[in-house]
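Asker: Now for the letters of each chain:
2 protein chains.
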Amino acid sequence: MRLSQSFFYTLRETPSDAEIKSHQLLLRAGFIRKLGSGSYAYLPLMQRVIHKIEAIVRAELERIQAQECLLPQLHPEDLWQESGRLAAYQSEGILFHLQDRHKRGQVLAPTHEEAVTLAVKDVLKSHRQYPAHLFQIQTKFRDEIRPRFGLMRAREFIMADSYSFHTSAESLEDTYQQVGTVYQRIFERLGLNVVAVEADSGAMGGQKSREFMVLTGAGEDEVLYTQDGLYAANAEKADSLFSPPIKSRFTEHHKHHTPNTPTIASLCAFMDCDPTQVVKNVLYQAIFACEVLVPVLVSIRGDQEVNSTKLSNVLSEMFSGLGGLQSLEVPTAEQLQEWTTGELPLGYIAPDLPDSLIAFREGVHGQFARITDFTVSELENFVTGANEPDHHVYGANWGGNFSLGYLADVRLAKVGDRARHDPEQLLQSARGVEVGHIFQLGDRYADRLGLRYQDAQGHAQIPLMGCYGLGITRLAQAIAEQSHDENGIVWTLASAPYQVILTVANMADPAQAETGLTLYQEFRQAGLEVMLDDRDERAGVKFKDADLIGIPYRVVVGKGVQQSLVELVIRQTGEKQQVAIEDVQLVLLGLCVDRKPSSGVL
Amino acid sequence: MRLSQSFFYTLRETPSDAEIKSHQLLLRAGFIRKLGSGSYAYLPLMQRVIHKIEAIVRAELERIQAQECLLPQLHPEDLWQESGRLAAYQSEGILFHLQDRHKRGQVLAPTHEEAVTLAVKDVLKSHRQYPAHLFQIQTKFRDEIRPRFGLMRAREFIMADSYSFHTSAESLEDTYQQVGTVYQRIFERLGLNVVAVEADSGAMGGQKSREFMVLTGAGEDEVLYTQDGLYAANAEKADSLFSPPIKSRFTEHHKHHTPNTPTIASLCAFMDCDPTQVVKNVLYQAIFACEVLVPVLVSIRGDQEVNSTKLSNVLSEMFSGLGGLQSLEVPTAEQLQEWTTGELPLGYIAPDLPDSLIAFREGVHGQFARITDFTVSELENFVTGANEPDHHVYGANWGGNFSLGYLADVRLAKVGDRARHDPEQLLQSARGVEVGHIFQLGDRYADRLGLRYQDAQGHAQIPLMGCYGLGITRLAQAIAEQSHDENGIVWTLASAPYQVILTVANMADPAQAETGLTLYQEFRQAGLEVMLDDRDERAGVKFKDADLIGIPYRVVVGKGVQQSLVELVIRQTGEKQQVAIEDVQLVLLGLCVDRKPSSGVL
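Read top to bottom, the protein sequences are chains D and G. Residues in the first sequence are numbered from 1 upward in steps of one, following the numbering used here. Residues in the second sequence are numbered from 1 upward in steps of one, following the numbering used here.
Derived by calculation from the structure, the hints in this document are not laboratory data. The structure displayed is predicted, hence computed values, not measured ones. We treat Cβ as the ideally placed atom computed from N, Cα and C, and that holds for glycine. Heads up, some of the hints might be wrong.
Unchecked claim - Derived lysine to any residue pairs resembling SDA-like cross-links, with alpha carbons at most 25 Å apart:
#1 G:K103 - D:E92
#2 G:K34 - D:L449
#3 G:K34 - G:Y9
#4 G:K34 - D:R104
As the list claims (entries may be wrong) - Here are the simulated distance ranges between beta carbons:
#5 D:Q521 - G:A169: 26 to 34 Å
#6 G:L591 - D:D174: 33 to 41 Å
#7 G:Q525 - D:D174: 23 to 31 Å
#8 G:L591 - D:A526: 24 to 32 Å
#9 D:D122 - G:I570: 30 to 38 Å
All chains should be modelled from the sequences, with the hints used to inform the complete structure.
Answerer: Written out as structure tokens, the structure is:
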């Protein structure tokens, strides 16, 4: 690429609407341009970075026998209806939806479980054709509530998504682990630091999932991890040890007048007890796809908080017949009026708050979904509300005074908690950006969409599926976020749009101009990826641009050509060195050795 | 690729809804699967064909300094409003349209003139940055009225589209010609026969355009061409010589009673005259974007027909202020009642049909757009209607009796017409599929979207643009349409998903199985693109599959391994030949030499 003959520009000023460094730098260095909310043009330098990442991803996925395909982006709405995901995605509002000329609903795909299942249905029909693994690299769409941080949360983004099909849990587990390993290799090849964390499966469904996070202050997710490197989880999913409760001194069951004690703190002060001795009862309202409101009452220990993601998962499981959880919230006073028969004893609720308080009304489930968190399921002689304002009971026990609800872990793990694998290890917190996510889906999609195979005995069986996704454009920006300095981006060698930039300091000097062009042609012939900055600009402008766009190696053709010397500058370290013109190609070839592992024979 | 471990299938039966051979074969051979109307999954074999075509297109476009980028697929509707194309595309109904969560209109792009102009606006600002040429390879969307023929007319399809920016008409012409040449090289490398034809610019606008057509009976376009190869045009655009008129014997102007002569044939029989002596006046109604109906009256020679594409272009030009032509039709009796004041003398209309016949009504233009075709503009002493039922005039002349309207070529060229470049050559007709189209757009998009540059004198100027498109998925299917036989597809070497298929006749024979695997590994290491058919199937099934999927070279590892022989079968000719195992790799390397021209140094 000769800059004098190419589409190339950089900006002096930092665009005002870019909040994080990588976003600012990609805009300033001419890699991307914003065309609309969360919508970017990938300009030629960016497209080269994307192609480099894609090539690595493609090669690594092919190593484990995944085969590339390409699925449609526009899906008939019916397909999403059939899989049962339409309502959930629509309630989140992230699904772009349209009608075609025949008024048939279509969605712009954010993910392809349905499409790939349909694509292999009726053709992947013998157990001998399993396992199978298909991948694609493609633009996905999400109607984000708040697109931000450039390519980190955009409405269009490139993903490498893959889908595997299996006749046994072992085979699925195998591929799931292989993909995890391959993803780590991809991150290593790109020079990215990524941590694998336990994750919630969200709208994808399935039992097991793992996220890959780039740790950065600009991340939107919270990661809880231990110093020993043995535990890391998305805060939505994280688990930890909870402290043992302090033994309660209330050995007899009594109701007590406790005026003005609606909070745990005020109650403990009044009763002179510890929060670990209190069962707190928290109200929620859950709304499901078939427009049913379920009142929810969670009993959890006084020193703990509810994790709404965990609670959502529990409710989705309990009420799977109601077609998907649409919303879950702590009801406001106004909302309460809509489904209660009278004033609730807020702040003084007991685990047995009577169902008779729920209004008998269409669309309202007539019973509380009572959920008991593990933090209180073995508590003895505890303190809790008395279902009457300004009153609590103490010395209460399960079985005797209250019935246990649906037992579950709905507790929020927090910084400072002790880790389950080693109580000496305390949870620490960091911000992260998800760049990959792998899932064991089980038979959900195959079951609902009718994918079946014949086993060796000729019986029809439902296959198991896994799905795996890597954010290509997000990876590209994550590299710039992890690797930059005050002068610009510092691309890793594997991700850089070009390996070398040849900067001719003064184009008006024929010796420099000629040497520059000669080296450019020689470098290209030797297989180096090289840009030639042969613009009529001052040397200072060219050096600034080279630093800004972040090419790993800069060769400056300046006055030194008189002594047959050029200057080699390492972008990452700023190191400079005079090199004889006749040696520079070999030096560069040595530095740019392709470090990718050799690919295995399939 | 080892078939025993890969996603692979073929179908015995021809799918019932596939009308043309290439569509049937791609479905049967497991290259594509239909997921919805005009919506296809490209399965692994297809994806390899697509990648091969894309790689050739990429290399050839880079030869002429085009740089790859990627633009968003979802565009704000405002952008299309600004360029003035929204109405025209919406009236055709081919634009997928949706609203995002903020109720902002978005369109799914069928083409990217607006987006690319916006992407370079404010950064391509000095004349020194011109010319510039950006391309992308991407899925496009069209809400087709009738998706058909598989990938030939799908709702999603892959295009390689490029856009160039210039400071002079010469520079635009240069790039336009370069792209034309490069397209021809691409077709040649792919082994496709393609003819370049003059074309109509349609909704794209601009002055000059050329289409590239694959000639095939399954084509949806009509091409008119001459045997000498010097002329070819889309029938929508084609021009030809019209025969000189026979001199009229009606030297005096008279009105005549001509009962029951509403057609040219009946009139000529009654008057004993030739159709070339008659001026026929044809009514149309044109509806424009701002909901105005314009009555149109076209005067054309009695032996000629009106070309509605040419007429649409003329009207769009005449009424460019009315925001784009939405529809053009010959009005029905009912439609006529809506905008006329009384009965029209249909079949007896004269060029001066009075405007007073048009109803004075909102949304109806009060004057006929009178268009005079070149076939009648110099006619003398002609016969035409008298604006009175059962009456004509003869011996009429322009100037004296009638005024000429807007002079234009709106005549339909037909098979058998004499060619303009050589009257000895007669136009012939063929069906074709458009696989490429290049346009000189002029300044339309830059002007409307505010793209400006500073010239050497510091003055703001509007650049000129070109745009160029190649249908990647259409090319892929066109190859299968041009190159197949009764047994299946016959891919050209440059487009084949694999160059070689190694077929082990009997996997139960250890010598065959081992030789097959050894050759597979050796071929791969030598850089051959090879599939190994190591399935537990009968040899006959494997041979049929190999023919169906159309791999250029088949190496059969059968009983001959005892004599160290394998069989080499050429797919295209069916030729078979015994080759020593030790020689077969070299023979194949010779056959698969990459024939692509070496790429020049940029």
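Asker: Of all the hints given earlier, name the ones this structure violates by number, lowest first.
Answerer: none
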